[in-house]
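With my numbering applied, the sequence shown closes on residue 353, and no number is skipped along the way.
Treat the hints as calculated values from the structure; they're not laboratory data.
Because the structure is a prediction, the values reported are computed rather than measured.
Incorrect hints may have been included.
[Said to hold, decoys possible] Simulated restraints on C-beta separations:
| hint | residue 1 | residue 2 | range |
| --- | --- | --- | --- |
| 1 | Lys345 | Ala139 | 24 to 34 Å |
| 2 | Ile126 | Lys345 | 51 to 61 Å |
| 3 | Ala307 | Ala162 | 16 to 26 Å |
| 4 | Val11 | Tyr142 | 22 to 32 Å |
| 5 | Phe47 | Gly313 | 20 to 30 Å |
| 6 | Gly48 | Val151 | 33 to 43 Å |
| 7 | Val51 | Gln16 | 37 to 47 Å |
| 8 | Arg249 | Trp8 | 50 to 60 Å |
| 9 | Phe47 | Val7 | 53 to 63 Å |
| 10 | Lys13 | Trp343 | 48 to 58 Å |
| 11 | Ala139 | Arg339 | 31 to 41 Å |
Where is the CB? At the ideal position from N, CA and C, for every residue including glycine.
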Amino acid sequence: MAKEPNQIPAPATVWERVKKYVQLYLVDAMSAMAQGLFASLLVGTIISTLGTQFGLPVLVEVGNFAKSMSGPAMAVAIGYALKAPPLVLFSLTAAGTAANSLGGGGGPLAVLIMAIIAAQLGKLVSKKTPVDILVTPIVTIGSGTALAYLIAPAVGSVATAFGQLIKDATVLQPFWMGIIVSVLVGIALTLPISSAALCAAFGLTGLAGGAAVAGCCAQMVGFAVISFRENRWGGLVAQGLGTSMLQVPNIVKNPRIWIAPTLAAAVTGPIATCLFGLEMNDPSGGVASGMGTCGLVGQIGVYSGWVNDVATGAKAGITGTDWLGLILISIVLPAILALAFDLILRKIGWVKDGDMKLDI
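When you get a sec, could you build the whole thing from the sequences and use the hints?
Written out as structure tokens, the structure is:
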């Protein structure tokens, strides 16, 4: 029967509302935050590292400028994801700066919380008064910075403590934690959430950061290789240097295609932690740990960490074993292991040709 013109739509169920908010705040906002981090802290680190390596002080300075803008960049990115009006969006720079600064090592998580609240409060008053140009920025900046002063230090301390717990556990139990961190961060990378934002929020560096890199590479390179017969070179590049998130629609149709890359992560994680002692000590504070081979950011991050460790005296020099471990963990082993596991899955009929076809 045709719908009546004036019929009022049925109210959304509680579950529908929950899904909407989860999508908005945990998926869209976090993904945007990761882009803000990438466009400031991570790119700034890469630029300053290049400047250091090639003796170009101007690049070091440019990189430092970019890194110093990580707080406002994250906040504005989050506001953009939440469809904040212009005055709210621009006012979030102050809230992001305050939250990132007061949040310390857990600054990214503090920015995520503060920016969401400040953006929503700003949206409530936006264009509601004749003096919007004053009211909206005051509410957005005032609420964001006030909350930053009140709770950002506590949020930062909790995030830092949790991240430190993971890092300490990985040092004490490199085998089991190598598996756990590699698998979980790799899964997060493929899901429509931001593994980079998660790693940054908890400051996942050191040996745990190395395991995270391994897991992300296993997902990206793994899917790129095992789906090559369906997607050819375009798919190889899109997934291997882009994101394995492209496979999410296919995973929904057949979750078993996810087994091979995930098992590869479970193998490469402990190899990274136990055999090669692969660490991510990139000055960006963990964001590169969750990037994998996306634009080779994970590998550049590891290298930046080596350079930083050598400069501070924590590492004598960059060895051939370091390079061998990075190449094996990032590319060679994920490709071989994922292909082997995928072959078994195809033999038993769990995965079939066309299951990983991308619309690209």
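Evaluated hints:
{"no.": "1", "hint": "Lys345 - Ala139: 24 to 34 Å", "verdict": "56 Å, violated"}
{"no.": "2", "hint": "Ile126 - Lys345: 51 to 61 Å", "verdict": "59 Å, holds"}
{"no.": "3", "hint": "Ala307 - Ala162: 16 to 26 Å", "verdict": "21 Å, holds"}
{"no.": "4", "hint": "Val11 - Tyr142: 22 to 32 Å", "verdict": "31 Å, holds"}
{"no.": "5", "hint": "Phe47 - Gly313: 20 to 30 Å", "verdict": "22 Å, holds"}
{"no.": "6", "hint": "Gly48 - Val151: 33 to 43 Å", "verdict": "41 Å, holds"}
{"no.": "7", "hint": "Val51 - Gln16: 37 to 47 Å", "verdict": "42 Å, holds"}
{"no.": "8", "hint": "Arg249 - Trp8: 50 to 60 Å", "verdict": "27 Å, violated"}
{"no.": "9", "hint": "Phe47 - Val7: 53 to 63 Å", "verdict": "57 Å, holds"}
{"no.": "10", "hint": "Lys13 - Trp343: 48 to 58 Å", "verdict": "33 Å, violated"}
{"no.": "11", "hint": "Ala139 - Arg339: 31 to 41 Å", "verdict": "57 Å, violated"}
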